[in-house]
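Chemist: Spelled out, the chains give:
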Amino acid sequence: MQNSKVFEKKRIAAKTLVKHLALIALIFVILIPVIFVISISLNPTGSLNSPLWPKDFSLVHWKYVLGIPYIDPADGVLKTSPFPILLWLYNSIKVSTITAILMLALSTTSAYALSRFQFRGKQLSLLSLMLIQMFPNIMAMVAFYLILDFIGAHVPLLANDTHGGLILVYLGGTPFNIWLIKGYFDSLPKSLEESAIIDGATRFQAFYKVMLPLCVPILAVVGLLTFINTFSDFITPSIILKSQDKFTFSVGIQIFVSEAFSARWGQFAAASILGATPICLIFFAIQKYIVSGLSAGSTKG
Amino acid sequence: MLWISCALISLILGIIVIFRLPKLYPLRYLLPGLITFLFFMILPMIFTLTVAFTNLGTGHFLSESAVKKLLLETYLYNRETPDTEFKVCGDKFYLPELNLLSTETITNNEIHFTNSTKIPTTCLTENEVFSNISVLKEKKFIINNKTYSYFRSNALAIRIPRYTLLENDNLKDQLQNKEYFKNAETGFFQMQGGTETLAPGFYVPVGFRNFTSILFNKSVLKSFQKVILWTLGWSFGSVFLTFTTGLFLSLLMNDKKLAVQKLYRVLLIIPYSIPFFISVLIFKGLLNKDFGFINHCLGLIGMNALPWLESASLAKVSCLLVNLWLGYPYMFLVITGILQSLPISVYEAARLDGATATQQFKLITLPLIFNAIVPLLIGSFAFNLNNFVGIYLLTGGGPPIPGATTPVGETDILISYTYRLAFEGSSGQNFGLASAVCFFIFIFIGILTFFNYRLSQKNAKL
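Going down the list, the sequences are from chains A and B.
Mapping the first sequence onto our numbering, position 88 (from 1) lands on 88, and the numbers just tick up by one.
Mapping the second sequence onto our numbering, position 332 (from 1) lands on 332, and the numbers just tick up by one.
One chain only, chain B, in its complex shape (with noise of 0.2 Å):
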């Protein structure tokens, strides 16, 4: 709480000062926009960061105190005297066996029974005493001078807790009278002397552990790098596919006397109205190598059906293919409205020279488009980089790598292979590995977006 009205309190005195002060008057306008980007996109960001420094993920997932805390209320309930069946009854306890009720005074969560002179008849069933667990968890009944607790919806039993803290900081196991000291290293309690450990572990920092593990781990580095190569390979797919078939087709339609040209356009782009997500989904099951639309009509003309989405290599061309589907429209758009804007005068002056039709085309059309789209091109490329979506609801990544141990598949992209590491592996999540990949990603789109800045503040100059 006091960490809120710290932040609460430092907040209000920012805003008073940032409208008083005539000279920091820019940030009364840029706060409203920076207060949500500071929550939602630098703190993201700087969490991904410190988790890439932890193996946060399956068996990980808590903080070494609360391991500890976790494992210090774990109980051994006492077999050799019996349970005892209890009952809740109004606001009081009823023991059955015994014949005790509760009394009216409870304090420091302690209840002292008295002999009962009537059976109460109103009593919760126990999926309702269930439903109160929590509360009837932190109760001491002091039965016969002897300590029972909650042990389960209808019983109460007397426990001890399994372990308890020596004062080095050990744990040790009253069960099996074992200690276990803390390794930091693994982020597990071990047994001293041994190798066994204590489930929950808890995050720890590792340094450098994750990033060194992409680079240097061979079988991590192996897949790492078939991703990387898939990952280029994807992204310069897209672009070259979608800008030849734009440029094709802005060009094939760039002539004002074709009639229905309008129409034409429109039908042109209707692929990229449709949201991503629903077109992908559409082309995985017209892809469907058992049942789907595709292989259908490949049988209606004596073919066999293809594993569009099974074979690795296939499955790399049916990405690229859905990719070129959804993204032609918009270099299509792009290209037109670059023809449409190139100055008629330069083709008459062209021609005047006696340049062909050809040359005029070579030397004159393809450079102005080249010069004014170049930005774009980085720009889809850069956005083919992460494109999830159509990856990860296309193939899901699949067909899966054989003999990965990290969970990869040949068409994953590194943002799709990211997201598996941290939310799907079934060897388990890993965090720390997810945010170090996601680094990489970011050092990657980074230099091409700085790039980018760079080039486009060079070309408004101009």
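With the rest of the complex left out, here is chain A (with noise of 0.2 Å):
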């Protein structure tokens, strides 16, 4: 009997270890390209073919993509790198902070519409809100910049090749967040605002000083997502910005792609962990709740 117990005992120990094992080495296999990419942006020859672990190590390529004068390792001259990456990174997370503020005050409004006003076709406007954000806007692409121009004509500041112009653009997209904040207050008991009303607030501030700060949580994840969103998008500023410091960090990392890849592998690499490195952060700082509400945003009607 105690035979067989500790037996038990060991069976188990013994599945729980091969568990750990296999889990560590599917961990490391799927971390394979991260690790692989940290590695490559400390290795001076920074060949697409480098091993794992780097014979030796430098920081030539973080001097490189931070715009310190380096020492070339194939020809011994100290040179600056001729692209302003830390230029790309902070008009990116300029373009992303502004677009996700404006984007908070813009849907904030029409989400405490939707979810507390009754009125006529309330149904069918949120039907269409959900069905037109999903119309795949690549020819829009054509339309933004004819706007861009038909605008900037008259107001320099949002014309095309602009930060102005680009964050402009992105503000049409907001319906998804009015979705995720319209969840929100739909969750929220009415008699909050009622006892407000009661007690002599006019609605704007019942709307204003009771409800919006319950609704900071939801606020700081949508900002949040707009915030990583804005800064993954390629395409809309590939189209509307020209000018090389005007460039985010999205378009501006293409270059390094697009010419030569296999020679500026380890410039990308440390490019890569500098422009992913904030997103990060910023993901694993709301974790928990992108989960909630992004599975919020789809199931509640």
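Derived by calculation from the structure, the hints in this document are not laboratory data.
All the pointers check out, no bait thrown in.
Quick list of in silico lysine-lysine cross-link-like pairs, BS3-like style, CA-CA up to 30 Å: (1) B:Lys137 with A:Lys242; (2) B:Lys257 with A:Lys288; (3) B:Lys69 with A:Lys242; (4) B:Lys146 with B:Lys87; (5) B:Lys458 with A:Lys288; (6) B:Lys362 with A:Lys288; (7) A:Lys55 with B:Lys289.
Fit the two chains together into the complex; they arrive one by one in their own frames, and the hints show the way.
Modeler: Listed below in structure tokens is the structure:
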């Protein structure tokens, strides 16, 4: 009896060990690309077929990416990167931050109306919001270009090849965010505003002073999601932005891929890590909410 | 200008009306989001719809009136009277060959000259002159009672328009003495009684031709069918692979006794936290045929290098595998969430009734997961139908399908096909056809979304 219990315990321990080993092996395989990119960014030769563990380490690619003068291992000459990679990153962060903030301002009020007011055609407008945002916006790029051309002739700040114009185009993408925020409003009890209104608040005050503070969690998530999506988009900015010093990171990094990819692999690796880090950090900070938000957005009516 | 003022005034009036009428109260809240939505969602959509019924594209980018204006401003320079050299000195024009200097009074853009007493010294260089070309082109220089025009950055010449507009609206070519009529079918000025056309063409409505060419034109249809099949295969494949992998991993990890479970979980979702455009490009490097890390590893174990992105079938496999890497963490996270919310009491009841672990899994866990996840699977399917980045950055749609008339590759899905039709074609850009394809995609995804919406409405009511 005792023996079989010990045996059973051992069996379970062995099973757990196997499970751990299997998981570790699996995770290693999955993370090879990430490990590889980190190693390449530190490998002075930095070609596509470098081994996973470099023979020697150097910061030459990082210096290149950060715009610090470096000694080119190929010819031993002191050089500086011709590409303003940090500026691209700054552009991306700037555009994404402004877009996220304005997007929140635009979609919160709409979401509130769709959640709280009863009006004719509400169900229909909800459905059409959802349908229209599914429209493939590849051809819209041409329209964006023409619209910005038109607006830019009168307001130079919002022309093509400006960050203002790019942000303006992004602000059209409200529906998805409206859906997410509306879902959250739906989950808040109506009695909260009703009591505020009985206490003499106007409807807008009830929205602004009672409901809005309660929504901070979802607003943070929607804001950061918008930030991530804007940061990651490369089609729209590649159509709208033309001059190199206005590029966003996602457009700029294409340069490494389009010409002599193999030779630039090390620089590309360092640049990728640089660009991915802010997004990774944000992602892990709001990871828990992203999942509940994403599933809520698509399951709640 | 009139147009804009009208639009602005009606916008302001609209806002006033909305803020005065209590009945329109909800609109006060909807308005801010609605305006950008109208401009950057609805307007582009209408634009796409309109373009789908035209032949807008390479060779047909301009409107008819713009093309006419362009042609009427094409000039022939008279070779019999010689060019006259000119210089821009201060605010005057100086003709060194004739020693003439322009007079002060300039009316109707006409410039007259008198004999110059002294030779001006400070004059613009040819490059500086060239930067003012648009102003110069409008001026008429009257020299010896003949009208000269700007010819090149240092010379004036007598010119005549190459085309003249006839009374029947046709264009007459003075050089070759041919008459061109407006062909509203093809969008060209075409030679009377011939097939010769003038470049550029203009855009014209073509009715349903773009749509019918997708459905009935054999060569377009053939590649279109291929694209649709792969689009469906790609979406189904991606959803299936990510779902099964996510399910497997979350079941494996759904063991509270498992040590460092949290660490594993974080490591497993790292692929999801990296921006797609970066990870796809990383894979493009890893899968490179000649230098890629993966073929390097294959070489180490004595295998031949594989053309991961160059052969039709392997490129498809690569796309699916990369998308699996990108997409499984989402499924993993969602299914883990569902598993954790499953009521324990159900399992206790099942155990009391004598159900085995396998039975519990098959009859309780799977159906419950499935029920909750179907809308997400449909959503993921719809997302992958339009997953441009996953395809375009990895393979660029390639390798090309041999013998296709439109730019199309073996791994092109509808959305990347549209992009290439619109922006990359080697035979030119075809906005009309691209817009028509957009509508096919929209109908496709629209039906899916509608279905999903109804399904989730039903779920919400349960």
